[in-house]
Amino acid sequence: MALFLATEAVEKESPFTELTGHLTPHHYGWAPHWEIGGIDLSPTNAVVNIWLASFLCLAIFWMAAKKRSLVPSGVQNVIEVMVDFVKVNIVYSVMNNKDGKKWFPFIATVFFFIFFLNSVGLIPYIGFTATANIFVTATLAILVYVLAITIGMAKNGVLKFWLKTLVPPGLPKVMVPLMFLIEIISQLARPLSLAVRLFANMLADHLMLLVFAGFIFLAAGTAVIYGILPISLLFMVIFTGFALFVAFIQAVIFAFLTTIYINDALHPGH
Amino acid sequence: MHLVLLATEAAEGEGGFNPFEPQWGLVVWTTVAFLVVLFLLSKKVFPKLQEGLADRERKIADEIKAAEATRNEAEKILADYKSRVAAAREETTQLVEEARGQAEKVRQDLISRAEGDARLIVDKARRQLAGERERILNELESQLTVWSTTIAGQIVQRELNADSHRDLVDSFIADIRKSEAAKS
Amino acid sequence: MSITALAQEAATGMTDKGLQQLGAGLAIGLAAGGGATGIGILWSKGLEGIGRQPEARSTLQGLMFVGFALAEAQVLYGLIVALLLLLGIF
Numbered sequence: 006m007a008l009f010l011a012t013e014a015v016e017k018e019s020p021f022t023e024l025t026g027h028l029t030p031h032h033y034g035w036a037p038h039w040e041i042g043g044i045d046l047s048p049t050n051a052v053v054n055i056w057l058a059s060f061l062c063l064a065i066f067w068m069a070a071k072k073r074s075l076v077p078s079g080v081q082n083v084i085e086v087m088v089d090f091v092k093v094n095i096v097y098s099v100m101n102n103k104d105g106k107k108w109f110p111f112i113a114t115v116f117f118f119i120f121f122l123n124s125v126g127l128i129p130y131i132g133f134t135a136t137a138n139i140f141v142t143a144t145l146a147i148l149v150y151v152l153a154i155t156i157g158m159a160k161n162g163v164l165k166f167w168l169k170t171l172v173p174p175g176l177p178k179v180m181v182p183l184m185f186l187i188e189i190i191s192q193l194a195r196p197l198s199l200a201v202r203l204f205a206n207m208l209a210d211h212l213m214l215l216v217f218a219g220f221i222f223l224a225a226g227t228a229v230i231y232g233i234l235p236i237s238l239l240f241m242v243i244f245t246g247f248a249l250f251v252a253f254i255q256a257v258i259f260a261f262l263t264t265i266y267i268n269d270a271l272h273p274g275h
Numbered sequence: 003m004h005l006v007l008l009a010t011e012a013a014e015g016e017g018g019f020n021p022f023e024p025q026w027g028l029v030v031w032t033t034v035a036f037l038v039v040l041f042l043l044s045k046k047v048f049p050k051l052q053e054g055l056a057d058r059e060r061k062i063a064d065e066i067k068a069a070e071a072t073r074n075e076a077e078k079i080l081a082d083y084k085s086r087v088a089a090a091r092e093e094t095t096q097l098v099e100e101a102r103g104q105a106e107k108v109r110q111d112l113i114s115r116a117e118g119d120a121r122l123i124v125d126k127a128r129r130q131l132a133g134e135r136e137r138i139l140n141e142l143e144s145q146l147t148v149w150s151t152t153i154a155g156q157i158v159q160r161e162l163n164a165d166s167h168r169d170l171v172d173s174f175i176a177d178i179r180k181s182e183a184a185k186s
Numbered sequence: 089m090s091i092t093a094l095a096q097e098a099a100t101g102m103t104d105k106g107l108q109q110l111g112a113g114l115a116i117g118l119a120a121g122g123g124a125t126g127i128g129i130l131w132s133k134g135l136e137g138i139g140r141q142p143e144a145r146s147t148l149q150g151l152m153f154v155g156f157a158l159a160e161a162q163v164l165y166g167l168i169v170a171l172l173l174l175l176g177i178f
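Protein chains in written order, with the numbering used here: chain A, 6 to 275; chain B, 3 to 186; chain C, 89 to 178.
These aren't lab readings, by the way, just hints derived from the structure by calculation. Computed from a predicted structure; not experimentally measured. Glycine is no exception: its CB is placed at the ideal position from the N, C-alpha and C atoms. Please note that the accuracy of each hint is not assured.
What the hints assert, rightly or not - Calculated Cβ distances over 12 angstroms to all of chain C for the following chain A residues:
(1) GLU23
(2) GLY132
(3) PRO177
Unchecked claim - Derived Cβ-Cβ restraints for the label pairs, each shown as a range:
(4) B:ARG58 - A:HIS38: 48 to 58 angstroms
(5) C:GLY117 - A:LYS165: 43 to 53 angstroms
(6) C:GLY117 - A:VAL229: 21 to 31 angstroms
(7) A:GLY42 - B:VAL38: 18 to 28 angstroms
(8) A:TYR97 - C:GLY176: 41 to 51 angstroms
(9) C:ASP104 - A:LEU193: 27 to 37 angstroms
(10) A:LEU164 - B:ALA68: 50 to 60 angstroms
(11) C:PRO142 - B:PRO49: 32 to 42 angstroms
Next comes chain A alone, as it looks inside the complex (with noise of 0.2 angstroms):
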């Protein structure tokens, strides 16, 4: 079903429909066909994105960590930098040093990872994000909020874990059964919107890269399209550069909230 064409056939072809397909899965004619109990596992082009994604987050940690100065430079240098920046300004600022050191990789992981994938899609010729689909975004949200309550469960046991995270302490008894319910929905609303929010933005952005160069596909052959063209192209190299930032910032919300998520299941009732 096409965004503005609905379901009008008669109507002309809008190339908004053509580029809003870029932000869909869709396969490629020579690829295989894999599908393991009726799930289809064929590589679609957000599943190359993904695979993409992930050999170039190994591939450059390999390499700084592979080459180790003293000095450093180079892509060394950058991913220090960032880690670092992962360390201090994410982890440290949430968890103390003890939980810190144990879940700075995990977290660390999660933050490179959602930023290769939300980076590849802003490279020229590929033209799609895999964290532009909502169930990439709502697989990593689970998996995490999971990871983060089996944790807490682990820790503090079933009962004690879930008593002190729905029901705060210190908490007078009339007000008891109101809290309960409002912590049970700031629960569930915890994946929920971890996913919504990355995918969203990410969305938003393709989808404003799109819209403007529909723009230009619009007045085609028109008299306009010498006003149209140069201020589409500058609002195109505008919305990327907001993209590069985005897609920076939302990997270090996901990061940051993942983390207070799993400290929050560590010491619930806080």
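Following the hints, complete the assembly by docking chains B and C onto the known chain A.
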């Protein structure tokens, strides 16, 4: 390339924009990719990176310590040097003070000597003056005696014994002198 | 299309699609207004804080960007609702 692919695939019912269309394959792939990246990074990369960062931190800490030691030494040397300079300055001041004292003494000496000389000269002059005055007075006295005898002789127009008259005049002048001395 | 829907369209000019588009426009418009207000307040207060205490600049800046991203996300929730309406999923 994508546009061409899209155009061919749109015919198969794919490519329309719907971000909420279920994609269970993506769920599986995301999970797999995330777990693989997590495993490799946390087992192979982060320990190494952490180790490297720790190494560097240790090295930097060592260097800071060494630099601090060097600085302490430099400070010590500087303090030593400063104290030496201060001592030299004090010595100089003392020397200057001493020289000034000596100069003052010399000056006082000279002044007192000059004053003594001056006093001697003045005394001598005063004494000479007094002697001269005495002599003049004596002369005047004798002259006065002669003149007064002559004047008196002329006035009385009588020949008198010069000796007896001299006695008379002498006693008279002595009287005058006595009375003057009493007056002064 | 049902008979009643056709009748409604003939009487008022309102179609289901038109209402969907109206709802989508309202959703993203109101969300953007709220988000813009929030981001405006956030940055105004943040800059005020930096002006009053320039040494706290780096701390405040980091927090401001986090707050900015969180406020912006609210706008994008509106965008998602708008898309759901346009696609007729609701």
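For each hint, the structure was consulted:
Every Cβ of chain C is farther than 12 angstroms from the Cβ of GLU23 of chain A; the closest lies at roughly 17 angstroms, confirming the non-interface assignment. No Cβ of chain C approaches the Cβ of GLY132 of chain A within 12 angstroms, the least distance being about 19 angstroms, so the stated non-interface status holds. Every beta carbon of chain C lies more than 12 angstroms from that of PRO177 of chain A, the smallest distance being close to 30 angstroms; the non-interface claim holds. Remark: the range hint 48 to 58 angstroms for ARG58 of chain B to HIS38 of chain A is upheld by a beta-carbon distance near 50 angstroms.
A hinted range of 43 to 53 angstroms holds for the C-beta pair GLY117 of chain C and LYS165 of chain A, which are about 47 angstroms apart. Between GLY117 of chain C and VAL229 of chain A the beta carbons are some 25 angstroms apart, a value that agrees with the proposed interval 21 to 31 angstroms. For the pair GLY42 of chain A and VAL38 of chain B, the supplied restraint of 18 to 28 angstroms holds, since their beta-carbon distance comes to about 20 angstroms. Range check, TYR97 of chain A to GLY176 of chain C: about 47 angstroms between beta-carbon atoms, so the 41 to 51 angstroms window is met.
At roughly 31 angstroms, the beta-carbon separation of ASP104 of chain C and LEU193 of chain A lies within the given 27 to 37 angstroms, and the hint holds. At roughly 56 angstroms, the beta carbons of LEU164 of chain A and ALA68 of chain B sit within the given window of 50 to 60 angstroms. Restraint check, PRO142 of chain C to PRO49 of chain B: a C-beta distance of roughly 39 angstroms satisfies the suggested window 32 to 42 angstroms.
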